[in-house]
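Residues per chain, in single letters:
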Amino acid sequence: MTADLGNIALWIALVVAVYGAVAAIVGHRQGRPALLDSAYNGVLVHCALVTMALLSLEYALITSDFSIQYVVFNSSRNYPVWYKIAGLWGALEGSLLLWAWMQAVLAALVVLLYWRKHLAFLPYVIAVLMGISAFFVLVMLIPANPFTQHFPVPLEGRGLNPLLEDTSMLVHPLLLYSGYVGFTVPYAFAMAALITGRLSAEWLYITRRWAVTAWMFLTAGIIYGGWWSYHVLGWGGYWAWDPVENASFMPWLAGTAYIHSVMTQEKRGMLKVWNLALISLTFALVIFGTFLTRSGILTSVHAFTQGAVGYFFLALLAVILLSTVTLLTLRADQLKTEGTVDSVLSRESAFLFNNLLLITFCFTLFLGTIFPLLAEAVRGVKVSVGAPYFNYVAGPIALGLLFLMGVGPVIPWRGGSWGGLGRNLLGPGVVGLAAGATAFVLGIRGPSVVATYAVAVFVAAIAVQEYYRGIRARRKTAGEGPLRALGQLFARNRRRYGGLVVHLGVALLAIGIASSSTFQVQREQMLKKGEALEAGSYRVRFDGITGSRGPTHVKVQGIFTVFNDRHEAGQMTPALRFYPRQQEPIAEVDYWIGFWEDLYVILGSFDREGNWAVIKVMVNPMVSWIWMGGAIMVLGTLLALWPARFRSAAVRGERS
Amino acid sequence: MNGKLRRRPVERSERTRVRGSRGTPLVVFVLAIVVALPLSASSVEQQVQQITSELRCPVCQGLSVADSPSQMANQMRDLIRERLSAGESPEAVKAYFVERYGEWILLAPKREGFNLLVWVLPFLGLGAGAMALVIVVRRWKRQPTADASLTIDPAHLDRVRRELAEDQR
Amino acid sequence: MTLTWKKLLVPLSVLPVLFLLAYGFRTDPRQVPSPLIEKEAPPFALTLFDGEHLSLEKLRGKVVVVNFWASWCVPACYEEAPVLEAAWRAYRDSDVVIVGVNVQDTEEAAREFMRRFEFSFPNGPDPRGKISIDYGVYGIPETFILDKEGRIAYKHIGAVTAETLSEHINRLLGEAPRMEDRRKGHERKT
Numbered sequence: 000m001t002a003d004l005g006n007i008a009l010w011i012a013l014v015v016a017v018y019g020a021v022a023a024i025v026g027h028r029q030g031r032p033a034l035l036d037s038a039y040n041g042v043l044v045h046c047a048l049v050t051m052a053l054l055s056l057e058y059a060l061i062t063s064d065f066s067i068q069y070v071v072f073n074s075s076r077n078y079p080v081w082y083k084i085a086g087l088w089g090a091l092e093g094s095l096l097l098w099a100w101m102q103a104v105l106a107a108l109v110v111l112l113y114w115r116k117h118l119a120f121l122p123y124v125i126a127v128l129m130g131i132s133a134f135f136v137l138v139m140l141i142p143a144n145p146f147t148q149h150f151p152v153p154l155e156g157r158g159l160n161p162l163l164e165d166t167s168m169l170v171h172p173l174l175l176y177s178g179y180v181g182f183t184v185p186y187a188f189a190m191a192a193l194i195t196g197r198l199s200a201e202w203l204y205i206t207r208r209w210a211v212t213a214w215m216f217l218t219a220g221i222i223y224g225g226w227w228s229y230h231v232l233g234w235g236g237y238w239a240w241d242p243v244e245n246a247s248f249m250p251w252l253a254g255t256a257y258i259h260s261v262m263t264q265e266k267r268g269m270l271k272v273w274n275l276a277l278i279s280l281t282f283a284l285v286i287f288g289t290f291l292t293r294s295g296i297l298t299s300v301h302a303f304t305q306g307a308v309g310y311f312f313l314a315l316l317a318v319i320l321l322s323t324v325t326l327l328t329l330r331a332d333q334l335k336t337e338g339t340v341d342s343v344l345s346r347e348s349a350f351l352f353n354n355l356l357l358i359t360f361c362f363t364l365f366l367g368t369i370f371p372l373l374a375e376a377v378r379g380v381k382v383s384v385g386a387p388y389f390n391y392v393a394g395p396i397a398l399g400l401l402f403l404m405g406v407g408p409v410i411p412w413r414g415g416s417w418g419g420l421g422r423n424l425l426g427p428g429v430v431g432l433a434a435g436a437t438a439f440v441l442g443i444r445g446p447s448v449v450a451t452y453a454v455a456v457f458v459a460a461i462a463v464q465e466y467y468r469g470i471r472a473r474r475k476t477a478g479e480g481p482l483r484a485l486g487q488l489f490a491r492n493r494r495r496y497g498g499l500v501v502h503l504g505v506a507l508l509a510i511g512i513a514s515s516s517t518f519q520v521q522r523e524q525m526l527k528k529g530e531a532l533e534a535g536s537y538r539v540r541f542d543g544i545t546g547s548r549g550p551t552h553v554k555v556q557g558i559f560t561v562f563n564d565r566h567e568a569g570q571m572t573p574a575l576r577f578y579p580r581q582q583e584p585i586a587e588v589d590y591w592i593g594f595w596e597d598l599y600v601i602l603g604s605f606d607r608e609g610n611w612a613v614i615k616v617m618v619n620p621m622v623s624w625i626w627m628g629g630a631i632m633v634l635g636t637l638l639a640l641w642p643a644r645f646r647s648a649a650v651r652g653e654r655s
Numbered sequence: 000m001n002g003k004l005r006r007r008p009v010e011r012s013e014r015t016r017v018r019g020s021r022g023t024p025l026v027v028f029v030l031a032i033v034v035a036l037p038l039s040a041s042s043v044e045q046q047v048q049q050i051t052s053e054l055r056c057p058v059c060q061g062l063s064v065a066d067s068p069s070q071m072a073n074q075m076r077d078l079i080r081e082r083l084s085a086g087e088s089p090e091a092v093k094a095y096f097v098e099r100y101g102e103w104i105l106l107a108p109k110r111e112g113f114n115l116l117v118w119v120l121p122f123l124g125l126g127a128g129a130m131a132l133v134i135v136v137r138r139w140k141r142q143p144t145a146d147a148s149l150t151i152d153p154a155h156l157d158r159v160r161r162e163l164a165e166d167q168r
Numbered sequence: 000m001t002l003t004w005k006k007l008l009v010p011l012s013v014l015p016v017l018f019l020l021a022y023g024f025r026t027d028p029r030q031v032p033s034p035l036i037e038k039e040a041p042p043f044a045l046t047l048f049d050g051e052h053l054s055l056e057k058l059r060g061k062v063v064v065v066n067f068w069a070s071w072c073v074p075a076c077y078e079e080a081p082v083l084e085a086a087w088r089a090y091r092d093s094d095v096v097i098v099g100v101n102v103q104d105t106e107e108a109a110r111e112f113m114r115r116f117e118f119s120f121p122n123g124p125d126p127r128g129k130i131s132i133d134y135g136v137y138g139i140p141e142t143f144i145l146d147k148e149g150r151i152a153y154k155h156i157g158a159v160t161a162e163t164l165s166e167h168i169n170r171l172l173g174e175a176p177r178m179e180d181r182r183k184g185h186e187r188k189t
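Residue numbers (numbering that gives the first Met the number 0), protein chains in the order written: chain E, 0 to 655; chain H, 0 to 168; chain G, 0 to 189.
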C-alpha cells in the first residue's frame with residue numbers, strides 16, 4: 000500500500016517533470032504565458048509528488064513496514080526513531096530519493112522566488128532543473144527502486160551498516176547533499192545564459208547567493224564527514240584520501256575556484272567563459288562523484304553497492320559534459336574578455352593563480368582517483384593510489400594556495416605597485432616568519448610543517464591587519480567606536496570581511512592538519528590487568544573489561560584509568576561492537592578532546608576473562624583546530640551571505 | 000631478537016638486566032643491548048610506521064596498514080616488525096609484499112614506466128597553466144586602456160571608482 | 000555560432016574520459032589478480048587442529064587445494080564448506096589433497112565450524128597470519144589450486160563452486176592438454 004503510493008507518486012512526478020521542462024521551453028519560445036505558468040505550476044506539483052514519495056518511505060521506515068525491501072535492509076524495529084528516519088539515506092535507493100526530493104524542493108524554491116522575474120532565464124532554468132529531477136526519479140523507477148516489495152515479509156529488518164549507526168548520520172549526509180544539490184541552481188542559470196546568449200554578469204548576480212550557500216553546505220558537510228570519520232572509524236584520522244572523500248572534495252575545489260573567480264567578472268567583466276566553465280565543472284564533478292559512489296567501479300568504505308545505477312549516472316555525465324562543452328565552444332566567440340589591468344600585480348591575476356592552483360589540485364585528485372582504472376586499461380595491472388601519493392602531490396599545492404589566500408586580499412583590483420604590496424605584506428610577513436622561526440626554535444624540524452605554520456600565521460595576520468585597518472579608517476572618518484566600526488565594516492562589505500573570516504578559518508584548519516599529521520603519538524601494546532602504557536604525558540592503565548548487549552549488537556568495553564602527569568585524570572572505556580553479520584567488530588573509540596591535543600583510545604583485542612587487552616593509544620595534537628576552523632569557515636560564509644541593506648545605485652548600475 | 004619482546008622494550012631491558020648480573024660477558028652484552036635497544040627499537044618502530052603507511056591494508060578499503068585497526072593489519076605490522084628486526088631492509092620488506100600481493104598493495108604507485116604519468120602530470124599541468132596565465136595577464140596589460148567603461152562620462156566614472164574603493168576597503 | 004568541424008573537436012575531447020569510466024564497469028575492483036599464479040607456491044607447515052603436522056613440501060606430486068577460511072565469513076565460507084568436504088571425499092584417493100587454513104579466528108569457533116560441516120580434510124590455524132600473507136590473501140575465502148609440481152595454477156576469490164574445483168583438479172590431474180592450461184592462466188590475469 001505504502002509502496003504503491005510511493006511508486007505512483009514517483010511515476011506521476013516523472014511525467015510532470017518532463018512536462019514542466021518541455022512546457023517551459025515551448026511556452027517561452029511561442030510566447031504563451033499560460034503554458035509557462037502551467038510549467039511553473041508543474042514544478043510545484045513535482046515537488047509535492049516527490050515529497051509524497053519521500054514521506055511514504057519515511058512512514059514505512061518509522062512503522063517498520065518490512066514488506067518493503069529497502070526497510071528490511073536498512074532498518075530495525077529496535078532502532079530509536081531517529082535512526083529509523085536516517086535509514087532513508089542509509090543506502091542507495093533511499094539516498095537517491097532524498098537527493099531527488101532536495102532537487103525538487105530547490106526547483107520549487109526557484110520558481111516561487113523568481114515567478115515573475117528573470118523572464119529570459121527562468122524557462123531554461125526550469126527546463127534544466129526539471130531535466131535533472133526527471134533523471135533522478137527515472138533512476139529510482141528503473142534500476143534503484145526504493146519501493147521494491149519484499150516477500151515473504153520478515154519479522155525483523157537487517158539494520159543499517161553498523162558504521163552508520165551514529166548520530167552523525169543525521170547530519171553529515173544532509174549537509175553534503177544540500178551542497179551538491181545547491182550547485183545545480185547556478186549551473187542551471189549558467190546553462191540558461193549560454194542557451195539564450197545573455198552572457199553579461201546577470202546570471203552571476205542572481206546565483207551568487209545560491210553558489211555561496213551550496214559551497215557553505217559542502218564545506219560543512221566535508222568537515223563534518225572528517226569529524227565522523229575521526230570519532231567513528233577508529234583509526235585516529237579524519238581524512239584518508241579515499242575515492243569517495245575525493246569525490247566530495249573535487250566539486251568543493253572547483254566550487255571554491257568559482258566563487259572566487261566570479262568576483263573578477265562582477266567587478267571587471269572579465270573571465271566570462273572561465274566562470275561558465277567552472278560552474279559547469281563543479282556540477283559535472285558532483286555528478287561524477289555520485290557516479291563514483293554508486294557505480295561500484297571503485298572500492299571505498301563509503302561506497303554504496305553497485306548496480307545498473309552506474310550506467311545511468313555515466314549517461315547523465317556524458318550528456319552534461321557533451322552539451323555544456325558544446326555550448327561553451329559555440330559561445331566562445333561572444334565571450335572574449337574585454338578587460339585590462341594596469342599592472343601584472345593585480346587582484347585579477349591573483350584570482351587567476353588561485354584558480355590555477357585550485358584546478359590543479361582538483362585535477363590531481365581526479366587523476367589519482369581514476370588512475371587505477373587507466374593503469375588497468377593500459378597495462379592490465381591493478382595499482383592503488385592512496386594517501387602517500389596525495390600527500391606528496393597535494394601538499395605543495397595546498398601550501399601555495401594558502402600563501403595566495405594571504406596575498407590575494409591585499410592586492411588591489413586593476414593592479415598595484417610592488418611598493419604598495421610590500422607595505423601591505425610587511426607586517427603579516429614578519430609575523431608569519433616569526434611564527435615559523437619560533438616553531439623551529441621549539442625544535443620542530445619538518446620543513447613542510449614549519450612552512451605551513453609560517454604561511455597560516457601569515458594568512459591570519461593579513462586578516463587581522465585588514466580588520467584593524469578597516470576599523471581604524473572608519474574610526475577616523477566616521478568617528479565610530481571600535482565595535483560599531485567593526486559592525487559597519489561588515490555591513491558595508493560583507494563579502495570581503497566575511498571572506499576574511501573564512502580565510503582565518505582555513506588558516507586554523509591548515510595548522511590543525513599540519514600538526515595532527517606530523518606530531519601524532521601512537522602506542523600500541525598488550526596490557527595485562529593493572530599494567531599501564533605511556534603516550535605523551537598520559538599513562539593509561541588497563542583495569543578490566545565489561546560486556547553489554549545493545550539493540551543490534553554485543554558491546555565489550557575495556558576499562559582504563561588515565562593519568563595525566565601522574566594525576567588521575569579519569570576513566571576511558573573504548574569498546575568493540577560485535578554484530579552478528581559482520582566479519583570484524585566495529586571499534587567504538589573513546590576520546591578526550593582538548594584545545595592542544597586529543598587523547599584517543601582504541602580497544603584492539605582482549606581476553607574474555609579480562610586478563611589482558613591490546614590497546615592503541617594516540618595523542619593527536621590540535622585536531623580540534625580543524626573543527627574550529629571549519630566552524631569559523633561556515634560562520635564567515637554566513638556573514639558574507641547576510642543580506643546587505645543598501646548599495647549605491649550608481650555602483651550597481653555601473654556594474655551590470 | 001623476537002618481535003614480541005621488541006614491542007615492549009621496557010620489559011625486556013628489565014629482564015635482561017637481572018639476568019646479566021650473573022657474569023661479565025653477559026653484562027657487556029646486556030649493556031650493549033640496553034644502550035642499543037631504545038635506539039634500534041625506535042628506529043625499527045619508525046621504519047615499521049613508514050612502511051605500513053605505504054602499504055594498503057588488504058582487507059580494508061583504502062586504509063593503510065598503519066591506520067587500519069583490523070586484525071589482518073595487526074598481523075602485517077607484526078610480520079614487518081619481525082622482518083626488519085631480522086635485518087631485512089625496508090625495501091626488501093616492501094618488495095616481499097609486492098611479490099605476494101602485486102603492485103596493488105602499494106598505496107603510492109612506483110615511480111617508473113607508465114606510473115610516472117600520475118606523478119608528473121599534475122606538475123606539468125601546473126607549469127603549463129602558469130605559463131598560460133602569465134601570457135594572459137601580460138596581454139591584459141598590453142592592451143590599450145580601451146575598457147568599455149571608459150567611454151562614459153569621466154566625472155561619473157570617478158564617482159563610481161571612489162564608491163567602489165570605499166566599498167571594497 | 001555555427002558548429003564547424005574544428006569546434007566539434009572540443010566537446011569530443013571529453014569522450015576518452017567517458018570511455019575510461021565506462022571501462023570501469025568491465026573490471027571488478029574486488030578482483031585483484033594474484034602475482035603468484037604460475038609461480039611456486041610459498042611453502043608452509045601447519046599444525047592441524049587434530050594435533051598432526053602438515054608440510055606443503057611433503058605433498059609434492061599431488062594436486063593441492065589450499066583454502067583460506069574463517070568461521071565469521073558469512074555467507075561465502077558457509078556456502079563453500081560442503082563443496083570442499085564433498086570434493087575431498089571424491090578425490091582423496093586420486094592424488095588430491097585439500098588443506099584448510101583457518102585465519103583470524105578463534106579456535107573454539109573454528110572447531111565448531113568444522114563440526115558443523117563434518118570436515119574430514121586436514122585443517123589448521125594460521126595464528127599469526129603468516130601463511131595468508133605469504134599467499135597474498137586479501138579477503139576470505141580464497142582458494143589456491145597447486146599443480147603436481149607445487150606451482151599455483153589457479154586462485155579463486157570468494158566461495159568456490161563444485162564445478163570450478165573439479166574442472167581445475169581434473170585438468171591438473173592430467174586429463175587436459177597443457178596448452179589450454181596456459182591460455183586459461185593468462186585469461187585470468189587480464
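I should point out that these hints are in silico values taken from the structure, not numbers from a laboratory.
Don't take each hint at face value.
[Unchecked claim] FRET-style restraints, in silico, Cβ to Cβ:
1. H:E111 <-> E:R607: 45 to 51 angstroms
2. E:F439 <-> H:A131: 33 to 39 angstroms
3. E:W591 <-> H:E111: 42 to 48 angstroms
4. E:A47 <-> H:F122: 50 to 56 angstroms
Idealized CB from N, CA, C, for every residue including glycine.
Tested hints:
1. H:E111 <-> E:R607: 45 to 51 angstroms: holds (49 angstroms)
2. E:F439 <-> H:A131: 33 to 39 angstroms: Holds, at about 37 angstroms.
3. E:W591 <-> H:E111: 42 to 48 angstroms: holds (45 angstroms)
4. E:A47 <-> H:F122: 50 to 56 angstroms: Holds - the Cβ-Cβ distance for A47 (chain E) and F122 (chain H), about 52 angstroms, lies within 50 to 56 angstroms.
Of the numbered hints listed earlier, not one is contradicted by the structure.
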